[in-house]
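Engineer: Turn these sequences into a full structure, and let the hints steer you where they fit.
4 protein chains.
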Amino acid sequence: MSSPKLKVAIAGLGRMGSRHALHFHQLTPRAELIAVSSPDPKEIAWAARNLEGVRTYLDYDEMLKAEKDLQAVVVSSATVVHAEQAIKAINLGLHVLCEKPLSTSPEVSQTVVTAYRQSIKKHPSQKVICGFSRRFDASYRDAYSKVKSGMIGRPSVFRSQTCDKLDPSGFFVQYAQFSGGIFVDCSIHDIDLALWFFGEDSIVKSVTAVGITAVSPELRQYNDRDNAVGIVEFYGGKIAQLFCSRMMAAGQEDTTEVTGTEGKLSINAQPQSNLVNIYDSTGIRREIPPHYYGRFRDAFITEANEFTACCLDNTEVPFRLEGAVTAVKVGAALQESLITGKKIEFDEIGRRIQEEQAPKAKL
Amino acid sequence: MSSPKLKVAIAGLGRMGSRHALHFHQLTPRAELIAVSSPDPKEIAWAARNLEGVRTYLDYDEMLKAEKDLQAVVVSSATVVHAEQAIKAINLGLHVLCEKPLSTSPEVSQTVVTAYRQSIKKHPSQKVICGFSRRFDASYRDAYSKVKSGMIGRPSVFRSQTCDKLDPSGFFVQYAQFSGGIFVDCSIHDIDLALWFFGEDSIVKSVTAVGITAVSPELRQYNDRDNAVGIVEFYGGKIAQLFCSRMMAAGQEDTTEVTGTEGKLSINAQPQSNLVNIYDSTGIRREIPPHYYGRFRDAFITEANEFTACCLDNTEVPFRLEGAVTAVKVGAALQESLITGKKIEFDEIGRRIQEEQAPKAKL
Amino acid sequence: MSSPKLKVAIAGLGRMGSRHALHFHQLTPRAELIAVSSPDPKEIAWAARNLEGVRTYLDYDEMLKAEKDLQAVVVSSATVVHAEQAIKAINLGLHVLCEKPLSTSPEVSQTVVTAYRQSIKKHPSQKVICGFSRRFDASYRDAYSKVKSGMIGRPSVFRSQTCDKLDPSGFFVQYAQFSGGIFVDCSIHDIDLALWFFGEDSIVKSVTAVGITAVSPELRQYNDRDNAVGIVEFYGGKIAQLFCSRMMAAGQEDTTEVTGTEGKLSINAQPQSNLVNIYDSTGIRREIPPHYYGRFRDAFITEANEFTACCLDNTEVPFRLEGAVTAVKVGAALQESLITGKKIEFDEIGRRIQEEQAPKAKL
Amino acid sequence: MSSPKLKVAIAGLGRMGSRHALHFHQLTPRAELIAVSSPDPKEIAWAARNLEGVRTYLDYDEMLKAEKDLQAVVVSSATVVHAEQAIKAINLGLHVLCEKPLSTSPEVSQTVVTAYRQSIKKHPSQKVICGFSRRFDASYRDAYSKVKSGMIGRPSVFRSQTCDKLDPSGFFVQYAQFSGGIFVDCSIHDIDLALWFFGEDSIVKSVTAVGITAVSPELRQYNDRDNAVGIVEFYGGKIAQLFCSRMMAAGQEDTTEVTGTEGKLSINAQPQSNLVNIYDSTGIRREIPPHYYGRFRDAFITEANEFTACCLDNTEVPFRLEGAVTAVKVGAALQESLITGKKIEFDEIGRRIQEEQAPKAKL
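Chains as they are written, first to last, in full-length UniProt numbering: chain L, 1 to 363; chain U, 1 to 363; chain B, 1 to 363; chain E, 1 to 363.
A couple of the hints might just be wrong.
Remember, identical chains collapse to one label, so a pair may be satisfied in a single copy or spanning two.
[Said to hold, decoys possible] Below 27 Å or equal to it, Euclidean Cα-Cα: the simulated BS3-like pairs (lysine-lysine) are:
1. 146 <-> 343
2. 205 <-> 343
3. 342 <-> 205
4. 342 <-> 5
5. 42 <-> 148
6. 122 <-> 148
7. 65 <-> 343
8. 5 <-> 121
9. 343 <-> 121
None of these hints come from the bench; they were simulated from the model.
Structural biologist: Structural data, given as structure tokens:
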């Protein structure tokens, strides 16, 4: 195709960054991946082998400086630098697709939105989105359009879980130091979905959470748990029930149900890798994807293509960046509740209601 | 309950006979099991232990003679004596529930019908039915009523399979000597279902079958196979596709599909033992019943109760005995086709169309 | 069968009482239903028509007095008289199967246990159980035995829901006046299951609940809701997530999942009426039972038969009566949390931990 | 990517051709679509709008002549010119991906193979494959690798169906004039799958088929049917059961089952559009793809990418062209049997066994 392509760079080449790189390099016809950055020489070596013709940088700032033609940046580095890198790109007027979460802190997340609000005054066609991949998933989209059509009446009860396969390598324990906790890392997707299905303007009334360490007691040193359940109550008569886990035996189980006054939709209530069923002496079974990427690969590719189209054609982004701050805020509050054991309440304009005598000792 | 109960005897206490005995003894409130017969002393000993208060006989004729109050007989002996025992009871004016098949021979099967047609002149409220248990199954009945309601338009293509779990004990090989072959033993249920769903007055136009011995080559000495597929063509634009097997790994797989001009129904397309799903490192699975009884237990109990009610209340039997002869006729023709490799055709009044020069050698 | 049968009376002939009556009358071979009582003349008239040979009473006490041979009573009257009627029968040394809940009040429920503890000293073979029907369900039992076998490791996270079909008649609103609330009426089953799967000796650490009135705001006058979610936290690292609803569109959805450290079991995650699937222009669908009885009929019949056997043979009851008090206690606490919005905590010996400064106004 | 791309042309821009064009234009990074041809000006106009930078031709020969840099041709024109166009490209030494079937005639299909066998002597790295899209489907591939691994023992009974949604527009009737009949058009995929799963060297022993016109009696004028079932028997104890239909109510139902001596695999036994389930007053349902493209889109894209890689890297093609001739041969024999009502037999080297006295009248 001879049309101009969107010149894209990727920051970070870890688990997700390397996938983004391949998606933009090979599976996004309207994009041209021109550069990648990573502080890790091994990741740079991987890029040299796998991303033919793409320039590599050990330093993100240097990449931004050197790549004069750059139009868009995908931030998929460590969460701790998401906001900083996103803001640098935003301030240059570049389009940004920033991996979730913007930050594990609601306040820091807000700085990304603030930067974007400033920058867009100068660059009115600038696009910045947070990578809530499920928003690009065909099944979630189908469910959303059915809800919008009124098929289930008024959506009222939402249940969603993000449950990872047990990883005996200790990965999740290491990761817990920086992840913001299981509610910020896993459930942020479910929170974002709740906001999507209930309406972005939904106001959280309270959150409560409880958790355990069933397989990884080491998580406690990082104020984290390996299984947790939570309730998010919204003003206007809507409730969300959440479950996150690092302990699934069969594989990734990311299931959502939306119950309305006239019907219900489930998404992935019966996880499966593909359309094969196996009949053997143990019964009839299907395999399920071991990781989130097995479930959401197509969504990530759609994300890459739609982000690209959005930037090139100056069309509206599929969802607003502000939601990413709300999601972090809710996730962080759930994580706090998980650790303190306290229910946290908010007023109708989103301000936290202080408990009169919060028992400090437990915090 | 103080109402008079139907006095019932069971002939034969093998695999199915012993179950019938327990059903009539314990799970059929309006019936009273008063006697059982079996030529096998071990089975009689079983009866003594398990059928409290029930008289036992080593000889069927003796039982008929001694039990003056007897009102109904359930014939569940070896297939080879089904017809003879049924006819004896019929001639005494007793109600009869005869296990399928009436006989492996269509001609002998017909003698049962003939005896009944004679006897009913003298005993106008006499009931004789063949034990097509699936006719009493809640799922098949639901499907049938949906078809009758017009939900799928005109039923046109029928697919059904009766597939047993692999039994490495050699049971099926021994059994093949007397079973009439896999199409008479297994597929007779599917043939009966086809007649039910297409209409009892459906006329078979042709049958063809092909089979293999994948696990039990010894079956060939009895002109049988362990896996076979067949096609039954009906006049009026209806076709049935059959599969029978002795080799299933997971358990009993008895599945039926009825495709109509405006919809389709499947029955047991996803076999299951119960509502439990197991998630482990191999995926998500459900267990399935190992044998037909696990799938059809409730149907057998319904059969016992409805047969009893029918006899006591002199209400119409749920299906006519003549169909049992047609089913054997079709099953035997399929079995012949399986062995000869020849398609067998019938004219519109059910007479076999002779091939002009049937290659005798192959028969 | 000539063995002596258990002489049973039923108290209450409402929705569930009439079913118990039929189960004991027709489907429990070792029981003989001899009497029923109901203050409602219409129910007595129903009994006269449907329970041939069974004596009827408008007054429960009179029945107890008159039926000298009575051995067992099934209490299935209005919840408000469960405890009183059960205790009267207990004090007479009769076996009792009391419908759930013993009472909507934990304290009153405890009086039943206390009465039984007293009575059993004089009547050591007396049996008293609470009618937790799911304990008799084949799928739950299969799941339980799999958990016991260690199949899923240590059960850690439990999710269960009891969700009724939307009933536009207003039944649930009327019913709410006496039901104890949705957590006591519906979720009591799920709580009992949690205690079963986690172990009867599990100690509740906290409960929290949130609810809405999505379709029946009138419920608020009775301090009830039509949809609610709750969390029950147990000492020892176990959590239960509950959902109850009166608003399901498709039918009864009673689903349970038990996640362990090495696997997971789901029970009824894909509700279905039977094994039929319907293919039409809207897709492929299965129907689901409209009410709990469609799902649990077999369990109720098993309950009747096993209770009978237990009484006749003086064998151990399948679960202890004390659990019924714990279940009510947890259900009532969840209901309180639902209304007050407060998390309720318990110490390790089950005593409620008082909040230091509970904001009285909200209670 | 700066590596040289495979220069591809598409012949035919109908239903499938236009999709191939888009797949190669946008979703095959290593290919460059440089030209398309179609005798239909409307299709050429479509190409001008949708295939930016791609040259268009009303004449296939002219395209071949003009496009000097062309390396590969995708033949997706009307079936009647498949072979001719494929051979022209083959004779120029071009790589060819020819849509199925090569021809509706086994003899004509063979000419393509013969041309390739000749040409490859001069162009040893030339690739020619037939577009059996299911060979590229992730689920079929997973099933195949499981069979290869021995998971189900020796595959013995194969059941497969290609069932199209009812199309009331009359499309299928028009199409029947040139399609070669339902067994050549639809079942050819199932036949190819049987050959794949049983082994490409499997020898057909006999075919039999029966069919009806349940909704489109007009098909009879073209010797076609709207529903048909067939049996393909292979030497060595293997059988395939086929069903093809133009009458499905719910959508495309392409289901396959492979039963082996130690297990079974099903592929798409429960068709679905995506992972959404809808709960409403009619039950629980999932939607299913209306057409084959909804089911196999990803497989077509994989096909485009793998064909491209194969040509560029001179790696082995995933399956041999000869199988496409066998598939047409079997499909055409089934279609003949469907019309004549005769079973057709073959000897062990694939030659048809003549019936001694074929009743000419019926042919």
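Engineer: Run every hint past the structure and note whether it holds.
Structural biologist: Structure-based check of all given hints:
no. : hint        : verdict
1   : 146 <-> 343 : neither (33 Å within a copy, 35 Å between copies)
2   : 205 <-> 343 : both (10 Å within a copy, 15 Å between copies)
3   : 342 <-> 205 : both (14 Å within a copy, 13 Å between copies)
4   : 342 <-> 5   : neither (51 Å within a copy, 56 Å between copies)
5   : 42 <-> 148  : neither (46 Å within a copy, 37 Å between copies)
6   : 122 <-> 148 : neither (34 Å within a copy, 61 Å between copies)
7   : 65 <-> 343  : neither (47 Å within a copy, 54 Å between copies)
8   : 5 <-> 121   : within (25 Å within a copy, 42 Å between copies)
9   : 343 <-> 121 : neither (40 Å within a copy, 46 Å between copies)
Hint compliance for this structure: hints 1, 4, 5, 6, 7, 9 are not met, and every other hint is.
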